[in-house]
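Colleague: Read off the chains here:
There are 2 protein chains.
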Amino acid sequence: MKVSREQMAENRQRILEVASRLFREKGFEAVGVAEVMKALGLTHGGFYGHFSSKDDLIVQALAHALGERNGATLPLREYMDEYLSPRHRDNRAGGCPISGLAADTLRQTPEARSAVTDGVRGQIDWMLEKLSGSDESARRQAIASWAAMVGAVVLARATTDPVLSDEILKETRAWIDDGLNRSIAAIPGTA
Amino acid sequence: MKVSREQMAENRQRILEVASRLFREKGFEAVGVAEVMKALGLTHGGFYGHFSSKDDLIVQALAHALGERNGATLPLREYMDEYLSPRHRDNRAGGCPISGLAADTLRQTPEARSAVTDGVRGQIDWMLEKLSGSDESARRQAIASWAAMVGAVVLARATTDPVLSDEILKETRAWIDDGLNRSIAAIPGTA
DNA sequence: ACTTTTACATGACAGCCATCATTTTAAAAC
DNA sequence: GTTTTAAAATGATGGCTGTCATGTAAAAGT
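If you read the protein sequences in the order shown, they are chains Y and X.
Start counting the first sequence at 1; every next residue gets the next number (this note's numbering).
Start counting the second sequence at 1001; every next residue gets the next number (this note's numbering).
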């Protein structure tokens, strides 16, 4: 049956939200078009009225998830605390799309890869801004801290031993903080 | 046709080698049983004489790839140089199975996940040994450095911009070295 | 030499998936 | 209120994949 214009626009948004959550949770390949539509209470038929293909959905869902996360106005340390928490590790569907989907995106279209690249660049810039420094050492710190965060979440998720998994998150968090403190101490007037 | 006993044993080894390379290159889901066998010049039919299922192959290929890498007798800094090199980034098929497959293993059998967990634990222990320290700070350093290495490789592979990709590897490598030097300096007698 | 065993080839089957053609039905337009 | 439009439902199709049944030929055993 046909639905109202607003209903259709809302449906489109809900497809993006549900798809981006399912993709993060199970990966692009493991989620079918029918599964996404069913999660909304719809059937697979209407899908191609909204998106031209599954690849198209992947690109838009990625952009949607990346954009959603950009609203983060947390202080850097709180952001890192949350990122490296067991809660984020266990919340793949609602978590960072880069740590969740970067590896999966390798086998996707150039458009999808491009969206992830923009996300990586944006994240580094955001962290750099939060570090309130733009010399090379701040950029190094932003990049390496971010790499450690992504790696720790990937490893913590892959590890089935909960003790080891928690330890990876905790020690990585502490290590990053060691580096932050060291840098702050190096700024004249803060030591 | 039937082949000799040694030939069969060799075929089994070659299946493991080819499969572990293909899996690392394209992911578990994207590689079919037929594709693996074809890469050896065989057909899909004989596969189930060697392995009970594709899931079985995945576990054994993972263990094979992880074991292969354990022969590393490089000094720690050289190992890190290689790990964070463009060459390793571009060599998924022959590279570290953890950075290449950890995310993919989330959706695999408990046995496969267990193999990866053992690999993570072994890698941390190996690095700890190389750091020649076993106090908590050395363990923290091993875990966080390793997380940064994995994250940097994942991000560098996902990033399509070659300049940014190279930068992620290079800055992460430098950042880890900063930490190593700081720790060495903290050991009495080395400063 | 003959028989038995078995590694691999061939071919088939069921299940899943993306995509599309057609139909239905309710909202928009008049 | 009637007609037009289009969003979603239904159903079909083709391709791919894991798995298995059967066939075949060469090695192993006697």
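Heads up, some of the hints might be wrong.
[To be verified] Here are the simulated DSS-like pairs of lysine-lysine, each with C-alpha atoms no more than 25 Å apart in a straight line:
1) Y:K170 to X:K1054
2) Y:K130 to X:K1170
3) X:K1038 to X:K1026
4) X:K1054 to X:K1026
5) Y:K26 to X:K1054
6) X:K1054 to X:K1038
7) Y:K54 to Y:K26
8) X:K1002 to X:K1038
9) X:K1026 to Y:K54
10) Y:K26 to Y:K38
11) Y:K2 to Y:K26
12) X:K1002 to Y:K26
13) X:K1002 to X:K1054
14) Y:K2 to Y:K54
15) Y:K130 to Y:K170
[To be verified] For each label pair, taking beta carbons as the anchor points, the in silico distance ranges come out as:
16) Y:G46 to X:T1073: 40 to 48 Å
17) X:V1003 to Y:L164: 57 to 65 Å
18) Y:D55 to X:G1049: 21 to 29 Å
[What the hints assert, rightly or not] Some chain Y residues well away from chain X (every beta-carbon gap over 12 Å; in silico):
19) K2
20) G41
21) S52
22) D81
23) R121
24) K130
Keep in mind that the hints were calculated from the coordinates and are not lab data.
These numbers were taken from a predicted model, which means no experiment stands behind them.
Note that CB positions come from ideal geometry on N, CA and C, so glycine has one too.
Colleague: Determine for every hint whether it applies to the structure shown.
Modeller: Each hint, compared with the structure:
1. The suggested pairing of K170 (chain Y) with K1054 (chain X) is violated, with an alpha-carbon distance near 35 Å, which exceeds 25 Å.
2. Restraint check for K130 (chain Y) and K1170 (chain X): the C-alpha separation of about 22 Å stays at or below 25 Å, so the hint holds.
3. For the proposed pair K1038 (chain X) and K1026 (chain X), the alpha carbon gap of about 16 Å is at most 25 Å, so the pair holds.
4. About 15 Å separates the Cα atoms of K1054 (chain X) and K1026 (chain X), which keeps this hinted pair within 25 Å; it holds.
5. At roughly 19 Å between alpha-carbon atoms, K26 (chain Y) and K1054 (chain X) fall within 25 Å of each other, so this suggested pair holds.
6. Simply put, K1054 (chain X) and K1038 (chain X) have alpha-carbon atoms about 15 Å apart, close enough for the 25 Å limit, and the pair holds.
7. About 15 Å separates the Cα atoms of K54 (chain Y) and K26 (chain Y), which keeps this hinted pair within 25 Å; it holds.
8. Our distance criterion of 25 Å between C-alpha atoms is met by K1002 (chain X) and K1038 (chain X), whose separation comes to about 17 Å.
9. Of the pairs offered as hints, the one joining K1026 (chain X) and K54 (chain Y) holds, with about 19 Å between alpha carbons and a cut-off of 25 Å not exceeded.
10. For a cut-off of 25 Å, the pair hint linking K26 (chain Y) to K38 (chain Y) stands: about 16 Å separates their Cα positions.
11. The hinted pair formed by K2 (chain Y) and K26 (chain Y) fails the criterion: a straight-line CA distance of about 31 Å is larger than 25 Å.
12. Between K1002 (chain X) and K26 (chain Y) the alpha-carbon distance is near 41 Å, which puts this suggested pair outside the 25 Å criterion.
13. Of the supplied pair hints, the one linking K1002 (chain X) and K1054 (chain X) holds, its CA atoms being roughly 22 Å apart against a limit of 25 Å.
14. Taking the CA atoms of K2 (chain Y) and K54 (chain Y), the gap is about 22 Å. The hint holds against a cut of 25 Å.
15. Among the hinted pairs, K130 (chain Y) with K170 (chain Y) is consistent with the structure: their alpha-carbon atoms are about 22 Å apart, no more than 25 Å.
16. G46 (chain Y) and T1073 (chain X) have their C-beta atoms about 59 Å apart, which leaves the hinted 40 to 48 Å range violated.
17. Between V1003 (chain X) and L164 (chain Y) the beta carbons are some 43 Å apart, a value that contradicts the proposed interval 57 to 65 Å.
18. With their beta carbons about 38 Å apart, D55 (chain Y) and G1049 (chain X) fall outside the hinted range of 21 to 29 Å.
19. No Cβ of chain X approaches the Cβ of K2 (chain Y) within 12 Å, the least distance being about 37 Å, so the stated non-interface status holds.
20. Look at G41 (chain Y): its CB is around 25 Å from the nearest CB on chain X, clear of 12 Å, so calling it non-interface holds up.
21. Against the 12 Å criterion, S52 (chain Y) stays outside the reach of chain X, whose nearest CB is about 22 Å from its own CB.
22. Non-interface status of D81 (chain Y) relative to chain X is upheld: no Cβ of that chain comes within 12 Å, the nearest being about 15 Å off.
23. Against the 12 Å criterion, R121 (chain Y) falls within the reach of chain X, whose nearest CB is about 6 Å from its own CB.
24. Residue-level check passed: K130 (chain Y) sits 17 Å from the nearest beta carbon of chain X, beyond 12 Å.
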